[in-house]
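Peer 1: Spelled out from the first residue to the last, the chains are:
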Amino acid sequence: MSSPVIEEARFNAFDRDFSSPLANAPAWIALLFCSLFLFLTVSLHYPSLVAFVVSLLVCIGWGLVGTVSPNRSSLPVCAALLLLCTLFALQVHRQTNAPEAFPGTIHSTGEVLTIREWGFRTLALVRLREEEGGKFLLSFEKERPELKPGDLLSFSGKTAPFERPETGVGFDEFLYWKAKGGLAKIANPKAEKIGVVHSPAYLRHRMTERIRATLPQQTAGYVMAVTTGERDSRLESLHRSVGTSHLLAVSGFHVGIVFLLGWTLFKRFRPRLVLISILIWAYTILTGAAPSAMRAAFMLQLVIAGRLAGRAGNSFNTASAAGCLLLLYNPWLFWDIGWRLSMLAILSVTSIVAADYNNRTKAILASPLVWLATAVQAAWTFDRVPLAGLVINFLAIPAFTFLFPIALGCSLPSLLGMPGGYIFVAIPEILFSMWERLSSNILYLCPRDVSFSRGLLFCALATVTFFFARASGFQTNRAILASVLVLFSAASAIFFV
Amino acid sequence: MRMLHRDPRRWLFLAGGVCCFIIALGIVFTFRGKFGSDTKPVRTASVLPEFAVAQNTADSESMWVVYVTGAVMSPGVYEIPEGSRVNDAVKRAGGFSIHANPDGINLAARLNDGTHIRVPAMGEADKTQTVQTPTPMTPSGTVTSTTQQDSGKININTCTEEDLLALPGIGPVLSRSIIDHREKNGPFGDIEEICNVSGIGTKRFEAIREYIVVTGY
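As given, the protein sequences belong to chains A and B, one line each in that order. To convert, note that position 184 of the first sequence is 183 in this note's numbering; the numbers rise steadily by one, no gaps. To convert, note that position 111 of the second sequence is 134 in this note's numbering; the numbers rise steadily by one, no gaps.
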C-alpha cells in the first residue's frame, strides 16, 4: 500500500521496546487526557476538578496496564506529562468558566474569512481588524451585500452568544463555531463592503475563480479541493455517497503529497527539510488551515524536527503529539468533526505502522481499521456511512495519489493561459470520469449503508483500543485486557450514566 | 527490538491499572447527573448546515415533516422549517446520491407538510412523480408551486383559490366552492370527484378535466 500517510510514517525508525507506554507513546497519554477532560467538562458538564481526577486516573490506568518493566528514565516523562495535563486543565477551566467577553452592539470593520450558505441564511465569518478583536459570525437572512472571502466589511449590529441545545442532543452551535474561532454571532447586521484585504482568503478566492473559469467541471472541482480547500458541491455529494469525502478535504493525504513533491523538488537544495517545512506551512495556510491540514502539517513538522535533531520516533506518538498540540492551541477543536475524523484516521494508520506486523499484514489491516475507526464518528454525525467505502478506499487512496499530481500538472498550462492547454486537461478529465464510473459500479454492487449503533460503537472501541495499545507498546495479552476494560467502561457509561 | 525484561512486579502494575479504571468509572457514576442541565453527550458539530438549521430552529419555528426517498444519501422522514423548498429537503436527506438525476426534479418547488419527495435516479425521471403533496391546507398556504405538476396541470388537492381561477369556466365563487368542499370532505380521490362540488356539472368538468390532476391523497 503506497499511501503517503503511511509513507510519512515510514520516516520513523522502528525503535520501540515493550516496557512501558510512557517510553513508547507518551504523547498518546497526553492526548487521551486532553480528550477525556474536554469531553467530561464541556460535553458532560462535570466540574473541572472531577474531570481532572477521572482523566488522570484513566491515563495512569492506561500506563500501568501497559507497563511490564518499569524504567527510572520514565519518571521525567511522567512529571512532564503531569505538568502538561495540569496546565491544559487549568487553561480549559479558565476558558470554559470565563464569562463571554464581547460587546452588546458592535460597529467595526473586518475581513471576511469564509462564507457559507446555511439553510435559508448566508453566514460570513469575519475577523475584526483591531488587535485581539476576534472573529464574529454575521448571519444574513434577507438582504446581504455581495460577499467574497477577503472582502473588507464595515458592519454594525447586535451581538448574541452562540446557542447550545437545551436537551443536550442536537446541533451545538456554540461548539461548532467556537472550534472555528467565533466569539459571537450578529443576526442581520448592516454591512457594507469598503475594500479588499490581500490575505490568504482573498488569494484563495481568486484562485478558485481562475480554476472555475479555465478548467472543465470535474478537474476544476478536484484541483480546487487540492489547491484552495474549496469543495464543489457535486463532487462532495458524489464522494459522500461512496465514502471518500476525505479525498476532498485537505488532510494528511494532501499534505503528504506536498511533502513528497517538496522532497522531489528540493532534492539538490542544501536546507532541504527547512524548504519543505516552508512549503508545507504555506500550503496549509493557503488552503484555509483546516484542522486536518494543520494536524498533518504539525505531524510532518515534528518528523522533520526529529530528523534535523537526528532522532527518530514512534509514528503513533508523533500523530498523538500533533493532535495534542492542536488541542493546546485551540481546545474547541475537539468538537470539530474534521479534527476528529482526521485524528481517528491517522492514529489508526500509524497504530498499524508502528506495530510489529509484516508489511502485508499492515497493508491489509490499515484500510478496514481506518474505516471502522472513522465510521462510528461519521455515522453519528452524518447518520449513515456507505459500506462500499471499505472497498473503494482500498483503491481510492493509491489511485488519487497519482490522480491529484496528474490533474495539477495537466491543469497548469490552462491555468497559465498557455495555448493548447485544453488538450492536457482532457487527460485528468477522462481519468476522473473513469474513477467516477468505477466507484459508481462498486457502490452498485455494495449499496448498503451503516448507521450508528451501539454494536458498531463497541466493535470500533474494542478494535481501536487494541491497536492503539499495541502501538503504545502493550503486549498482546495486555492490549486485549485494555480493550476489555475500555469496552466495559463504555458499556457501563452508556447503559447506566 | 530488545528482549522483554519480565519484572516480578508486573502483576502489581496490572492490578493498579485496573483499579485506576474502576475508580475512575466509580467517580463518573457518583457524580452523574449532578451538574449542568443534563449529562448526555452532545452530538458533535454536523458538517451538514441544513441539518443544523433544522435542529436549531425546531424550537422557535413550526416544523413540517417530509418524506424523502429515491436517489438521496439518507432517505427517510425529516423535519424541516415551514416554508422550505424541495432543495432544502433534499439537502436535509444528505444531498443527491451518485445515481441521482438532478434534472429530474424541480429543486425550487415549494413544499407542504407531509410531502413525499422522490428524487429520480438517472433514466427514471420521466416515469416518476417526483413531488407528492398529501394535504391541501397548510399553515402558510404556500402551495402554489407544487400544484403545478410536470405536465403543467393543476393539482386540485393542493391548489389555492387563485390557481383554480386559471381553469376555464371557473370563477371566484366556484373556486371558493371547490376549496370549501376539499376542506370539508378531504382530498379528492379522483379528478371526477370534483363533480360532487355544487356548481360543477359534467359539461364544466369536461372543459377542465385536461387541466387538472389529483396526486398525493
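In short, the hints are calculated from the structure, not lab data. It should be emphasised that the depicted structure is a prediction, and the values quoted were computed from it without experimental measurement. Where a beta carbon is used, it is the ideal one built from N, C-alpha and C, also for glycine. One thing to keep in mind: the hints can contain errors.
Stated by the list, open to error - Which stretches of chain A does chain B cover? Using the computed rule of at least three CB atoms under 8 Å from a CB of chain B, they are: (1) 66-75; (2) 236-247; (3) 343-357.
Stated by the list, open to error - Output of the computed footprint for chain A on chain B, the stretches with three or more beta carbons under 8 Å from beta carbons of chain A: (4) 94-107; (5) 178-184.
Peer 1: It remains to establish, for every hint, whether it holds in the given structure.
Peer 2: Now the hints, each set against the structure:
no.: 1; hint: 66-75; in the structure: holds (count 4)
no.: 2; hint: 236-247; in the structure: holds (count 5)
no.: 3; hint: 343-357; in the structure: violated (count 1)
no.: 4; hint: 94-107; in the structure: holds (count 3)
no.: 5; hint: 178-184; in the structure: violated (count 0)
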